[in-house]
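As a plain string of letters, each chain reads:
Protein chains: 2
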Amino acid sequence: MGTTKLRTKLLGIESGGKPVITLSREDAEELGVRSGERARLYHDSKEMTAIVNIMRSVPKGTVGIYDEIVRIWRVLEHQVIEVESTSFPESLYLIQNKLKRMKLNYEEILIIIKDVVDGNLRESEIAAFVTALDQQGLDLDEATSLTVAMVETGKSLRLSDKGPICDKHSIGGVPGDKTTLLIVPIIAAAGLTIPKTSSRAITSAGGTADRAEILMPVNLDIKEMKRVVSKTKGCIVWGGSLDLAPADDVFVQIEYPLSIDPLLLPSIMAKKKAVGANYLALDIPAGRGTKVKTIGDAHLLAKDFMELGKRLGIKTQCLISFGEQPVGHTIGPALEAQEALKVLNGQAIVPDLIDKAIHLCGLLFSMTGKGNGERLAMSILKSGKAEKKMREIIASQGGDPNVKPGDVEIGSQKLDIESENSGTVLWIDNQRLMQIARAAGAPKDRKAGVVIHKKIGQRVKKGESIITVFSERASKLGSAERIMNEYSPLRVGDRREMIIHKVVEIPEPKKAFILER
Amino acid sequence: MGTTKLRTKLLGIESGGKPVITLSREDAEELGVRSGERARLYHDSKEMTAIVNIMRSVPKGTVGIYDEIVRIWRVLEHQVIEVESTSFPESLYLIQNKLKRMKLNYEEILIIIKDVVDGNLRESEIAAFVTALDQQGLDLDEATSLTVAMVETGKSLRLSDKGPICDKHSIGGVPGDKTTLLIVPIIAAAGLTIPKTSSRAITSAGGTADRAEILMPVNLDIKEMKRVVSKTKGCIVWGGSLDLAPADDVFVQIEYPLSIDPLLLPSIMAKKKAVGANYLALDIPAGRGTKVKTIGDAHLLAKDFMELGKRLGIKTQCLISFGEQPVGHTIGPALEAQEALKVLNGQAIVPDLIDKAIHLCGLLFSMTGKGNGERLAMSILKSGKAEKKMREIIASQGGDPNVKPGDVEIGSQKLDIESENSGTVLWIDNQRLMQIARAAGAPKDRKAGVVIHKKIGQRVKKGESIITVFSERASKLGSAERIMNEYSPLRVGDRREMIIHKVVEIPEPKKAFILER
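Line by line, the protein sequences are chains A and B.
Numbering-wise, our numbering puts 6 at position 6 of the first sequence, and it's gapless, one number per residue.
Numbering-wise, our numbering puts 415 at position 415 of the second sequence, and it's gapless, one number per residue.
By construction, these hints were calculated from the structure, which means they are not laboratory data.
Small disclaimer: the values here were computed from a predicted structure and weren't measured.
Do not take every clue at face value.
One copy or two, it doesn't matter: identical chains are merged, so the pair holds either way.
With a straight-line Cα cutoff of 27 Å, these simulated DSS-like cross-link-like pairs (lysine-lysine) come out [stated by the list, open to error]:
{"hint": "1", "residue 1": "K388", "residue 2": "K162"}
{"hint": "2", "residue 1": "K60", "residue 2": "K18"}
{"hint": "3", "residue 1": "K100", "residue 2": "K231"}
{"hint": "4", "residue 1": "K60", "residue 2": "K9"}
{"hint": "5", "residue 1": "K414", "residue 2": "K310"}
{"hint": "6", "residue 1": "K162", "residue 2": "K342"}
{"hint": "7", "residue 1": "K60", "residue 2": "K444"}
{"hint": "8", "residue 1": "K46", "residue 2": "K98"}
{"hint": "9", "residue 1": "K388", "residue 2": "K455"}
{"hint": "10", "residue 1": "K385", "residue 2": "K461"}
{"hint": "11", "residue 1": "K100", "residue 2": "K502"}
{"hint": "12", "residue 1": "K476", "residue 2": "K60"}
{"hint": "13", "residue 1": "K388", "residue 2": "K231"}
{"hint": "14", "residue 1": "K414", "residue 2": "K114"}
{"hint": "15", "residue 1": "K502", "residue 2": "K98"}
{"hint": "16", "residue 1": "K103", "residue 2": "K293"}
{"hint": "17", "residue 1": "K60", "residue 2": "K388"}
{"hint": "18", "residue 1": "K454", "residue 2": "K414"}
Taking the hints into account, I'd like the entire structure generated from these sequences.
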């Protein structure tokens with residue numbers, strides 16, 4: 001353990017969020033610090049911890065400073081900083097204990113989560129932690145501790161309203177799921193509070209925040225969110241800018257390429273806890289092409305969510321739904337917002353979408369003591385009260401309350417796919433549809449997407465239009481068409497084919513992963 | 001997946017070994033690439049893969065280039081580079097499979113190890129891989145594949161000599177282990193080849209390369225090593241500069257702070273395979289304060305090494321040795337080199353050091369058909385043939401062949417510790433001794449270290465000197481003294497104390513970790 005005084009050299013670039021310094025090999029050896037280890041910095045009676053990089057390009061006697069530290073400390077070129085080698089942070093020893101399969105208590109988990117948020121742990125150390133959680137599985141105590149620690153280290157919505165606070169969530173993985181755009185106004189129209197935060201698409205063709213943004217601004221801060229909810233009882237805002245569980249953002253960056261999601265339950269529940277929810281209706285889509293492949297797994301997951309909810313004071317009920325085809329007929333932000341608006345104003349009846357929305361509302365109404373929940377939900381939708389409430393929310397968030405489905409602009413480039421034969425729709429490939437929608441430009445191009453005219457079980461005549469792809473650009477429509485031509489995302493026939501795949505040589509590793517919370 | 005042309009902005013610093021570029025948020029979004037994902041770079045009909053950082057400080061239209069890429073491509077400021085987003089590398093999908101507990105075959109492991117060496121994987125992805133190996137345990141097939149893949153991606157020593165090639169290794173963890181300085185000359189003096197590579201200290205007070213460097217240069221390259229071995233049959237060189245298993249260097253950087261070592265067997269055996277060894281004597285020190293705590297675990301580890309050796313064509317035998325006190329009387333590079341030299345020239349008899357060396361040589365002699373190996377080893381040591389051979393090796397590596405123990409300089413600052421009572425030495429605390437030696441300056445200050453005058457079982461009189469600390473600087477001697485005064489690393493008494501610890505509140509996480517290969 002040593003200490004030395006070095007002169008700053010401003011590098012003029014960022015280190016990726018964490019405080020990092022670079023040292024020459026000589027100075028690092030003198031200090032007894034290795035690459036990736038931590039050092040304590042002192043300057044002007046301030047101090048902080050930074051991770052050390054050792055680089056040939058840094059001259060002896062200088063400390064390379066990235067923009068993060070410049071922003072925090074406002075240091076200038078050639079100023080003197082005292083650098084002290086420090087031992088590993090306590091959180092790292094706790095991660096070591098987790099690797100040894102020891103159970104961590106709440107205080108220990110809080111120390112880790114704090115260091116994750118503060119940037120005191122290396123990417124590899126956080127990766128080891130999430131990998132160990134993935135490999136060992138979380139027990140309910142640890143899941144509870146992780147949830148509470150994530151809430152503790154983030155911001156919270158504190159509503160003055162003391163009545164029940166409802167929330168809704170879908171595990172995701174099914175394209176076209178615009179259910180939230182119906183549920184929030186139905187629940188709020190019944191006088192219940194529902195401060196809904198949603199995500200943007202990561203790997204899919206659209207998240208609920210992307211859909212809602214077609215109708216109104218969604219990048220609200222906590223204060224604006226509180227104002228909207230106080231006024232209308234509901235909201236649909238993007239959770240990403242609210243900082244409700246900042247640790248989760250760090251974890252997701254690491255989990256995504258690894259295709260693991262051990263913190264699924266804590267990360268979802270932390271965001272519910274942070275908005276003060278005490279009633280949660282959770283949608284678990286099950287089946288091929290979704291996150292949860294079997295109904296058995298869906299039940300086990302439901303049980304875990306309900307148990308965790310109980311410990312957190314969030315009464316939770318789950319709906320296991322059929323996930324092997326898109327919800328409704330549309331995929332892509334503008335198309336989906338338009339479809340939801342048509343259902344709200346009675347212009348369209350989309351049975352599976354309405355079914356899902358009504359049943360999830362029903363769970364919330366029953367939990368909060370509103371009797372026959374589904375009937376109530378349906379009457380609010382049919383009476384136009386839901387539409388009226390949605391327009392209030394749109395206005396309150398800064399959108400046009402008089403928006404009509406016809407006002408929503410859809411991509412001008414269009415491709416119709418006709419059925420090559422007559423028969424029944426036997427299956428639909430979610431992943432394939434998502435790929436086509438993304439190739440067409442969604443979710444970045446808001447007006448791009450896919451319309452599926454026929455769903456599983458419906459009769460189709462030869463030459464009838466089954467799918468329409470919309471895009472903002474001809475080149476992207478071309479990309480979508482090429483994917484479509486490889487093989488169809490929808491099967492029309494008279495009987496289910498027997499053969500799935502022949503495996504005649506060692507297969508390539510599988511490459512699809514859904515990460516949407 | 002997109003492609004765009006950007007102008008280079010040379011950042012003038014390194015990214016830590018891997019090819020990394022930085023993009024503006026706008027360009028990254030346009031390309032459809034997220035932070036940490038990979039991009040393919042094209043310039044002047046050359047191409048490479050780099051990891052993408054997204055930074056606010058990079059202007060749109062430019063690509064920030066670190067020194068690594070500048071070195072490889074010799075690009076200048078404001079040149080045009082084509083950047084293309086790419087999907088994840090195949091190695092990442094294979095790591096995902098390992099996380100799903102699938103067994104990887106040799107071809108798959110080779111793909112991962114190649115990408116580790118080439119810098120195509122993020123630190124977090126490599127961390128997830130080693131964590132999964134740690135959590136799941138390696139089976140022997142995977143250990144074999146990992147070993148061969150590590151050899152395949154590194155350099156090898158190819159000796160023209162077709163006779164048996166011997167090697168020796170200690171799992172480590174015991175301070176003062178200068179056994180290699182005796183074994184190499186004994187084996188080589190018997191006419192057997194022993195191309196020994198050794199490590200420097202990471203967390204200890206001295207590695208074998210640090211000890212040997214007191215007597216001769218050890219930073220040889222493969223060509224020089226080959227010359228020395230061809231001439232003298234043996235060598236003692238630092239393995240770190242030979243690039244025998246470069247993947248291991250990457251793994252160690254990640255494993256060290258996590259205190260895990262799942263690649264222990266492959267990383268050791270890869271370096272033996274790379275020098276062409278076909279006979280290996282392995283020392284497994286067991287007991288408190290070593291890496292392997294119990295004799296049972298030592299046997300299990302021995303079995304794994306022998307099985308792995310069989311698959312690799314390296315006949316392996318193991319010695320389980322008592323590791324609860326230092327080997328010989330000295331700790332610290334110069335002190336240890338001096339002690340080894342004294343044993344070689346007959347000036348000192350150090351029974352435990354000689355015992356260990358003779359028995360390990362005995363294993364090698366017996367395996368290679370030299371009959372009663374231990375007797376042969378002892379006769380080579382006693383006859384002075386080992387000393388003569390050592391001087392040949394020293395000369396061949398560029399040291400002074402006439403060096404005498406008295407020529408080895410020891411730190412001038414000295415502190416004698418006397419026993420406060422009479423009795424028998426009951427135990428010695430390895431970790432504590434190592435800490436004292438490090439506080440005194442070892443291994444960086446070569447002349448610093450500790451001499452232990454009495455070992456376990458020896459009688460001590462009150463006031464007799466039990467430990468002497470040497471240092472190059474008075475201030476460091478002071479630090480060592482403070483640690484010594486906290487509690488003694490050596491217990492003199494008449495009976496073993498009954499009480500180890502009282503645990504009256506939840507204990508702090510333990511903080512010691514040995515990482516020496």
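Here's how the hints hold up against the structure:
1. K388 <-> K162: Cα proximity of K388 and K162: one copy only (24 Å, versus 90 Å across).
2. K60 <-> K18: Classified as both: same-chain Cα gap 23 Å, cross-chain 23 Å, threshold 27 Å.
3. K100 <-> K231: neither (51 Å within a copy, 48 Å between copies)
4. K60 <-> K9: both (11 Å within a copy, 24 Å between copies)
5. K414 <-> K310: Neither: 49 Å inside a copy, 65 Å across copies.
6. K162 <-> K342: neither (34 Å within a copy, 83 Å between copies)
7. K60 <-> K444: between (47 Å within a copy, 18 Å between copies)
8. K46 <-> K98: neither (33 Å within a copy, 45 Å between copies)
9. K388 <-> K455: neither (30 Å within a copy, 88 Å between copies)
10. K385 <-> K461: Result: close neither inside a copy nor across copies, 38 Å intra and 96 Å inter.
11. K100 <-> K502: between (42 Å within a copy, 23 Å between copies)
12. K476 <-> K60: Answer is between; shortest inter-copy Cα gap is 23 Å, intra-copy 52 Å.
13. K388 <-> K231: For K388 and K231, the Cα distance is within 27 Å only inside one copy (14 Å; across copies 93 Å).
14. K414 <-> K114: Answer is neither: 50 Å inside a copy and 45 Å across each miss the 27 Å cutoff.
15. K502 <-> K98: Result: close only across copies, 24 Å inter versus 42 Å intra.
16. K103 <-> K293: Classified as between: cross-chain Cα gap 22 Å, same-chain 29 Å, threshold 27 Å.
17. K60 <-> K388: Result: close neither inside a copy nor across copies, 68 Å intra and 43 Å inter.
18. K454 <-> K414: For K454 and K414, only the intra-copy Cα distance (18 Å) is at most 27 Å; the inter-copy one is 89 Å.
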